[in-house]
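Assemble the whole structure, with the sequences as input and the hints as a guide.
Protein chains: 2
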Amino acid sequence: MSYRAPVKDMLFVMKELADLDSIAALPGFEDGNFDTAQAVLDEAARFCGEVIAPLNVAGDRDPSAWSDGQVRTTPGFKDAFRQFGQGGWQGVVHPSEFGGQNLPKLIATACMEMLNSANLSFALCPLLTDGAIEALLTAGTDEQKARYLPKFIAGEWTGTMNLTEPQAGSDLALVRTRAEPQGDGTYKLFGTKIFITYGEHDMAENIVHLVLARTPDAPEGVKGISLFIVPKFLVNDDGSLGARNDVHCVSIEHKLGIKASPTAVLQFGDHGGAVGYLIGEENHGLEYMFIMMNAARFAVGMQGVGVSERAYQQAVAYAKERVQSRPVDGSAREAVTIIHHPDVRRMLATMRAYTEGARALAYVAAAHSDVAHAHPDEAQRKKHQAVYEYLVPIVKGFSTEIAVDVASIGVQVHGGMGFIEETGAAQYYRDARILPIYEGTTAIQANDLIGRKTVRDGGAAAQLLLAHIDQTIAALAEVDGQPFKSMHRHLSAGSLSLGRSVEFIVARIKSDPNAVFLGSVPYLRLAGIVLCGWQMARAMLVSHARRAEDEPFHTAKIATAQFYAEHILSLAPGLETAIVSANGSEGVLALSEDQF
Amino acid sequence: MSYRAPVKDMLFVMKELADLDSIAALPGFEDGNFDTAQAVLDEAARFCGEVIAPLNVAGDRDPSAWSDGQVRTTPGFKDAFRQFGQGGWQGVVHPSEFGGQNLPKLIATACMEMLNSANLSFALCPLLTDGAIEALLTAGTDEQKARYLPKFIAGEWTGTMNLTEPQAGSDLALVRTRAEPQGDGTYKLFGTKIFITYGEHDMAENIVHLVLARTPDAPEGVKGISLFIVPKFLVNDDGSLGARNDVHCVSIEHKLGIKASPTAVLQFGDHGGAVGYLIGEENHGLEYMFIMMNAARFAVGMQGVGVSERAYQQAVAYAKERVQSRPVDGSAREAVTIIHHPDVRRMLATMRAYTEGARALAYVAAAHSDVAHAHPDEAQRKKHQAVYEYLVPIVKGFSTEIAVDVASIGVQVHGGMGFIEETGAAQYYRDARILPIYEGTTAIQANDLIGRKTVRDGGAAAQLLLAHIDQTIAALAEVDGQPFKSMHRHLSAGSLSLGRSVEFIVARIKSDPNAVFLGSVPYLRLAGIVLCGWQMARAMLVSHARRAEDEPFHTAKIATAQFYAEHILSLAPGLETAIVSANGSEGVLALSEDQF
Numbered sequence: 001m002s003y004r005a006p007v008k009d010m011l012f013v014m015k016e017l018a019d020l021d022s023i024a025a026l027p028g029f030e031d032g033n034f035d036t037a038q039a040v041l042d043e044a045a046r047f048c049g050e051v052i053a054p055l056n057v058a059g060d061r062d063p064s065a066w067s068d069g070q071v072r073t074t075p076g077f078k079d080a081f082r083q084f085g086q087g088g089w090q091g092v093v094h095p096s097e098f099g100g101q102n103l104p105k106l107i108a109t110a111c112m113e114m115l116n117s118a119n120l121s122f123a124l125c126p127l128l129t130d131g132a133i134e135a136l137l138t139a140g141t142d143e144q145k146a147r148y149l150p151k152f153i154a155g156e157w158t159g160t161m162n163l164t165e166p167q168a169g170s171d172l173a174l175v176r177t178r179a180e181p182q183g184d185g186t187y188k189l190f191g192t193k194i195f196i197t198y199g200e201h202d203m204a205e206n207i208v209h210l211v212l213a214r215t216p217d218a219p220e221g222v223k224g225i226s227l228f229i230v231p232k233f234l235v236n237d238d239g240s241l242g243a244r245n246d247v248h249c250v251s252i253e254h255k256l257g258i259k260a261s262p263t264a265v266l267q268f269g270d271h272g273g274a275v276g277y278l279i280g281e282e283n284h285g286l287e288y289m290f291i292m293m294n295a296a297r298f299a300v301g302m303q304g305v306g307v308s309e310r311a312y313q314q315a316v317a318y319a320k321e322r323v324q325s326r327p328v329d330g331s332a333r334e335a336v337t338i339i340h341h342p343d344v345r346r347m348l349a350t351m352r353a354y355t356e357g358a359r360a361l362a363y364v365a366a367a368h369s370d371v372a373h374a375h376p377d378e379a380q381r382k383k384h385q386a387v388y389e390y391l392v393p394i395v396k397g398f399s400t401e402i403a404v405d406v407a408s409i410g411v412q413v414h415g416g417m418g419f420i421e422e423t424g425a426a427q428y429y430r431d432a433r434i435l436p437i438y439e440g441t442t443a444i445q446a447n448d449l450i451g452r453k454t455v456r457d458g459g460a461a462a463q464l465l466l467a468h469i470d471q472t473i474a475a476l477a478e479v480d481g482q483p484f485k486s487m488h489r490h491l492s493a494g495s496l497s498l499g500r501s502v503e504f505i506v507a508r509i510k511s512d513p514n515a516v517f518l519g520s521v522p523y524l525r526l527a528g529i530v531l532c533g534w535q536m537a538r539a540m541l542v543s544h545a546r547r548a549e550d551e552p553f554h555t556a557k558i559a560t561a562q563f564y565a566e567h568i569l570s571l572a573p574g575l576e577t578a579i580v581s582a583n584g585s586e587g588v589l590a591l592s593e594d595q596f
Numbered sequence: 001m002s003y004r005a006p007v008k009d010m011l012f013v014m015k016e017l018a019d020l021d022s023i024a025a026l027p028g029f030e031d032g033n034f035d036t037a038q039a040v041l042d043e044a045a046r047f048c049g050e051v052i053a054p055l056n057v058a059g060d061r062d063p064s065a066w067s068d069g070q071v072r073t074t075p076g077f078k079d080a081f082r083q084f085g086q087g088g089w090q091g092v093v094h095p096s097e098f099g100g101q102n103l104p105k106l107i108a109t110a111c112m113e114m115l116n117s118a119n120l121s122f123a124l125c126p127l128l129t130d131g132a133i134e135a136l137l138t139a140g141t142d143e144q145k146a147r148y149l150p151k152f153i154a155g156e157w158t159g160t161m162n163l164t165e166p167q168a169g170s171d172l173a174l175v176r177t178r179a180e181p182q183g184d185g186t187y188k189l190f191g192t193k194i195f196i197t198y199g200e201h202d203m204a205e206n207i208v209h210l211v212l213a214r215t216p217d218a219p220e221g222v223k224g225i226s227l228f229i230v231p232k233f234l235v236n237d238d239g240s241l242g243a244r245n246d247v248h249c250v251s252i253e254h255k256l257g258i259k260a261s262p263t264a265v266l267q268f269g270d271h272g273g274a275v276g277y278l279i280g281e282e283n284h285g286l287e288y289m290f291i292m293m294n295a296a297r298f299a300v301g302m303q304g305v306g307v308s309e310r311a312y313q314q315a316v317a318y319a320k321e322r323v324q325s326r327p328v329d330g331s332a333r334e335a336v337t338i339i340h341h342p343d344v345r346r347m348l349a350t351m352r353a354y355t356e357g358a359r360a361l362a363y364v365a366a367a368h369s370d371v372a373h374a375h376p377d378e379a380q381r382k383k384h385q386a387v388y389e390y391l392v393p394i395v396k397g398f399s400t401e402i403a404v405d406v407a408s409i410g411v412q413v414h415g416g417m418g419f420i421e422e423t424g425a426a427q428y429y430r431d432a433r434i435l436p437i438y439e440g441t442t443a444i445q446a447n448d449l450i451g452r453k454t455v456r457d458g459g460a461a462a463q464l465l466l467a468h469i470d471q472t473i474a475a476l477a478e479v480d481g482q483p484f485k486s487m488h489r490h491l492s493a494g495s496l497s498l499g500r501s502v503e504f505i506v507a508r509i510k511s512d513p514n515a516v517f518l519g520s521v522p523y524l525r526l527a528g529i530v531l532c533g534w535q536m537a538r539a540m541l542v543s544h545a546r547r548a549e550d551e552p553f554h555t556a557k558i559a560t561a562q563f564y565a566e567h568i569l570s571l572a573p574g575l576e577t578a579i580v581s582a583n584g585s586e587g588v589l590a591l592s593e594d595q596f
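Protein chains in written order, with this note's numbering: chain A, 1 to 596; chain B, 1 to 596.
These aren't lab readings, by the way, just hints derived from the structure by calculation.
Mixed in with the good hints there might be a few duds.
[Stated by the list, open to error] Listed next, the in silico EDC-like pairs over lysine to aspartate or glutamate satisfying Cα-Cα at most 16 Å (straight line):
1) B/78 to B/184
2) A/145 to A/42
3) A/188 to A/270
4) A/8 to B/594
5) A/485 to B/35
6) B/320 to A/62
7) A/78 to A/68
8) B/320 to A/329
9) B/15 to B/35
10) A/320 to B/594
11) B/510 to A/586
12) B/8 to A/594
13) A/320 to B/329
14) B/8 to B/35
15) B/485 to A/586
16) A/510 to B/329
17) A/382 to A/457
Next up, the structure:
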């Protein structure tokens with residue numbers, strides 16, 4: 001079935017929850033007002049719906065294929081990518097001096113969601129190029145920027161991130177790829193990189209690999225890693241393509257999902273060395289890579305939102321069409337469409353509540369990033385940057401974990417048909433499964449959330465958010481009606497659980513790190529449930545005030561928020577138990593390997 | 001990786017929790033004592049580990065294939081099925097007069113778990129044959145029994161269940177297949193059946209279809225359905241095979257998982273009519289089909305336990321082997337195997353806690369079934385039958401829902417490698433997804449749990465179980481130590497939540513059925529969490545008493561039970577909220593279709 005971008009909900013979130021108007025008032029974002037946003041989203045919705053979404057199933061059935069070092073992508077992808085570049089979609093958020101549109105990340109985030117809903121596999125190529133652009137903008141020389149950025153932004157060349165090696169996945173300290181200085185400012189690289197998304201393909205003239213490697217005298221561990229540009233084709237001074245570089249794709253993986261996206265094993269330097277150019281300073285590679293990774297982690301979070309929305313749309317369409325069984329309340333004597341059955345409602349409402357909550361939190365996070373970049377006041381920039389950084393692992397970790405659940409429920413709504421590949425629901429279930437793994441597993445996100453984002457500032461960013469939640473709780477208390485009472489009750493309980501968990505983590509991290517980390521993913525999930533619930537609460541308050549303007553939209557929002565409170569937020573205290581009773585769980589931590 | 005049956009845990013559960021000794025004391029089960037159980041399980045473990053498990057991956061890569069009406073199964077399956085039949089494995093639980101071993105269902109359940117762990121796709125063939133045997137034992141004539149049962153039990157012929165039609169999935173009232181009486185006691189059947197597991201294959205000489213159909217004057221709805229035997233090859237009076245019957249496999253499905261198991265579309269009567277023989281009386285088909293379905297539902301629950309155990313074993317093996325990152329507590333300066341990382345422990349403990357809890361509950365349910373069949377006192381039989389019937393939808397619904405989660409966590413433990421098909425973890429994730437769907441979706445199980453099993457007896461069976469739980473809670477209070485305190489606290493809270501939910505459901509079912517059914521699956525999940533938690537609590541009490549006999553086994557059991565209490569049982573009150581605040585959720589129930 002086709003994809004229809006939920007533009008109305010996106011604009012609602014942007015305007016009412018993420019405060020697009022105040023973003024548009026920041027210096028440099030003068031073009032980022034509501035009218036622009038609406039125009040951009042409408043056009044993105046058309047492009048994604050008409051050009052990209054129809055290629056999703058094709059990508060699953062006729063995936064990228066490797067032959068003799070070359071990768072042929074799914075028929076139609078190359079042409080679609082050409083249109084993507086020509087339409088300016090790679091440059092939405094990037095500086096106009098290199099051909100971008102310089103729009104707020106908030107607007108780009110909505111576009112990103114659509115592209116991912118339309119086609120997760122396709123969207124990965126621009127996602128990685130975005131990361132390469134960010135890294136060069138931050139750490140590249142003027143000459144490097146001038147050489148690569150316009151090509152990336154025009155969609156003529158694409159970028160990759162080369163981190164993982166067979167022995168080095170989550171742990172980059174184990175990276176072994178070597179970079180030998182040639183005395184002329186260039187390096188030669190030797191090594192093997194695995195899991196390289198779009199590491200080889202036929203959609204662009206050139207592929208520019210950003211590669212982590214070690215110089216000969218580098219210190220051990222993560223402090224001895226440098227970042228290099230290794231183009232597939234060397235680039236002449238006039239910008240034209242030169243010789244083929246010594247980086248070769250020796251195979252691609254046979255994967256559970258996102259099959260159209262080639263996952264390459266790249267061999268560097270088997271024929272004398274791959275020419276590489278240092279980015280920034282030696283031994284600072286991890287720092288630059290984190291820039292790419294933070295952008296990519298947020299983007300993968302949007303993949304979670306995107307595939308959740310798509311799975312929801314497909315499930316709704318089926319539920320409106322499939323006739324089966326009489327209503328449980330005896331209100332009809334004939335079988336009805338299954339959307340009338342309470343449990344199907346529950347499933348659809350669960351999918352929707354998670355998706356809307358995760359969307360809202362991600363867009364709000366994007367707005368914090370925009371303020372952090374563009375606000376004239378440094379204190380404001382710092383404060384919003386801290387909140388954004390707290391939210392990134394949650395957007396990544398939570399949105400992707402729920403995407404797996406949402407896609408699984410999507411299969412369930414289809415009954416037996418969901419298990420048949422032709423139906424399409426199963427593809428989302430397979431595709432979504434990579435999201436909590438790549439760009440840092442959920443455990444890695446949770447470690448980041450605990451270590452860098454909670455403990456380092458003594459819980460300050462979390463407490464700032466909790467103080468905002470208190471304001472929303474106070475506002476809920478002012479409104480009559482069961483939906484608001486329910487939300488008041490469960491958001492109150494959830495925020496208390498989150499607050500106590502933050503205190504526990506900060507207090508215990510030194511004395512009992514293992515116990516704290518046993519609760520790391522429950523903490524991430526709790527934070528996600530509460531923060532997304534907070535957005536649903538804010539949304540229902542707006543919908544209450546604006547109800548008359550668009551009755552169907554706003555009553556649905558209030559009902560979805562109430563459902564979120566009663567079926568999802570209500571799980572928060574149980575998660576707190578898993579976190580804070582970690583001190584009683586020496587049990588499974590103390591077991592020997594043999595006892596497993 | 002290979003499968004090693006957890007015989008020690010199985011025997012522990014059988015002896016300590018399911019009271020095998022008292023089952024063996026029942027008339028007819030004299031051979032079902034502990035020594036027999038141990039011998040049977042050891043041999044089943046060997047057979048499943050050596051013969052069946054190695055075919056699991058092969059079945060996924062070279063699945064059943066259709067050609068011109070014939071289905072070729074995965075190479076090796078036919079021979080393995082021959083060994084299965086010759087080994088007597090089809091007949092473990094069936095009467096000795098037809099060649100079975102007449103052992104308790106409790107022992108057969110452990111064998112069933114092993115077969116499913118070894119190979120879900122393979123196990124489906126005997127699972128369906130079991131259902132056909134049960135139906136004939138209950139409703140077949142002596143002549144039908146004599147003709148079919150010995151062949152089934154010897155593994156020479158196999159059985160199928162033909163319920164579903166394109167318009168009739170969960171709702172059998174919509175069945176349209178016709179059965180026309182021929183005046184000689186036989187019928188001719190015409191119609192299309194879909195989703196017929198092992199509806200065509202090459203592993204047996206004959207396939208005997210049990211088919212739901214309507215006679216010409218039958219009433220509408222489920223009260224007009226009859227059950228027929230339709231063999232692929234007609235059977236001569238001397239038992240030899242006769243003419244090919246008019247039932248043909250026109251295609252098999254292209255599925256997400258369990259690919260080795262052919263899912264057939266069967267066409268009855270395209271060439272003059274398929275000869276069928278009535279089972280029991282006309283219009284009582286649904287009743288007989290429920291006998292098959294109840295056996296099959298329990299068995300599918302065991303599929304959930306089986307695939308969970310297999311996914312757990314594979315994840316543990318990987319976690320012991322994969323080296324990545326230094327410990328978070330700084331206890332080593334080098335990277336360690338990932339089983340030392342707290343979050344990997346959490347994932348493995350989650351998989352294990354769910355699996356052990358679900359195993360224990362299923363075995364206890366099987367024991368109730370044994371007492372219900374064999375106890376000399378009718379009141380005892382009735383009481384145990386009521387408890388068994390309460391537990392069947394939970395064993396089916398809960399064990400299969402958690403199997404999807406457990407298999408998903410199994411992929412996550414593997415990180416990026418989990419997404420690569422060659423690793424094998426992804427197969428369990430794909431295979432498991434059918435389990436909450438077939439033999440009645442989780443919603444259908446939850447409807448059964450509410451309607452027939454909770455409301456009909458006014459909650460009596462549930463209250464009986466809750467009274468037993470109270471005894472366990474009292475026993476926990478007598479034991480010192482954090483693990484027992486934790487379990488005491490969370491089992492107490494969970495049982496209160498379950499009790500209040502039962503009361504709510506009984507009280508509201510008439511006045512507000514939609515609100516009650518909105519909480520139906522949360523109720524099933526709550527019941528599963530609490531009842532499996534109760535088994536974990538009983539287990540930890542036994543382990544406490546027996547600790548010195550086998551320190552590694554019993555300390556692991558206690559640690560796993562504590563983890564279950566803190567990370568799983570702790571979610572019970574949140575689920576209660578989802579159930580009892582259903583009255584506040586007119587919201588999503590009241591939305592119009594267009595609002596989705």
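Now for the hints, and whether the structure bears them out:
For a cut-off of 16 Å, the pair hint linking residue 78 of chain B to residue 184 of chain B is broken: about 37 Å separates their Cα positions. Using a Cα cut-off of 16 Å, the hinted pair residue 145 of chain A and residue 42 of chain A is violated, with the two alpha carbons roughly 31 Å apart. Note on residue 188 of chain A and residue 270 of chain A: the hinted pairing holds, with a Cα-Cα distance of about 11 Å set against a maximum of 16 Å. Our distance criterion of 16 Å between C-alpha atoms is met by residue 8 of chain A and residue 594 of chain B, whose separation comes to about 14 Å.
Straight-line distance between C-alpha atoms of residue 485 of chain A and residue 35 of chain B comes to about 60 Å, which puts the hinted pair past the 16 Å bound. Between residue 320 of chain B and residue 62 of chain A the CA atoms are separated by roughly 36 Å; this puts the pair beyond 16 Å, and the hint is violated. Proximity of residue 78 of chain A to residue 68 of chain A is assessed by CA-CA distance (about 19 Å); at most 16 Å being required, the pair is judged violated. Note on residue 320 of chain B and residue 329 of chain A: the hinted pairing is violated, with a Cα-Cα distance of about 53 Å set against a maximum of 16 Å.
Note on residue 15 of chain B and residue 35 of chain B: the hinted pairing holds, with a Cα-Cα distance of about 11 Å set against a maximum of 16 Å. For a cut-off of 16 Å, the pair hint linking residue 320 of chain A to residue 594 of chain B stands: about 9 Å separates their Cα positions. With a C-alpha separation of about 48 Å, the suggested pairing of residue 510 of chain B with residue 586 of chain A is violated against the 16 Å cut-off. Distance check on the hinted pair: residue 8 of chain B and residue 594 of chain A sit about 14 Å apart at the alpha-carbon level, within 16 Å; holds.
Restraint check for residue 320 of chain A and residue 329 of chain B: not satisfied, since their Cα atoms lie roughly 53 Å apart, outside the 16 Å limit. This hinted pair checks out: residue 8 of chain B and residue 35 of chain B have alpha carbons roughly 13 Å apart, not beyond 16 Å. Pair hint residue 485 of chain B plus residue 586 of chain A holds up; C-alpha atoms about 14 Å apart against a cutoff of 16 Å. At roughly 9 Å between alpha-carbon atoms, residue 510 of chain A and residue 329 of chain B fall within 16 Å of each other, so this suggested pair holds.
Under the criterion of a C-alpha separation no larger than 16 Å, the hint pairing residue 382 of chain A with residue 457 of chain A is consistent with the structure, at around 13 Å.
Violated hints, in rising order: 1, 2, 5, 6, 7, 8, 11 and 13; the structure is consistent with all others.
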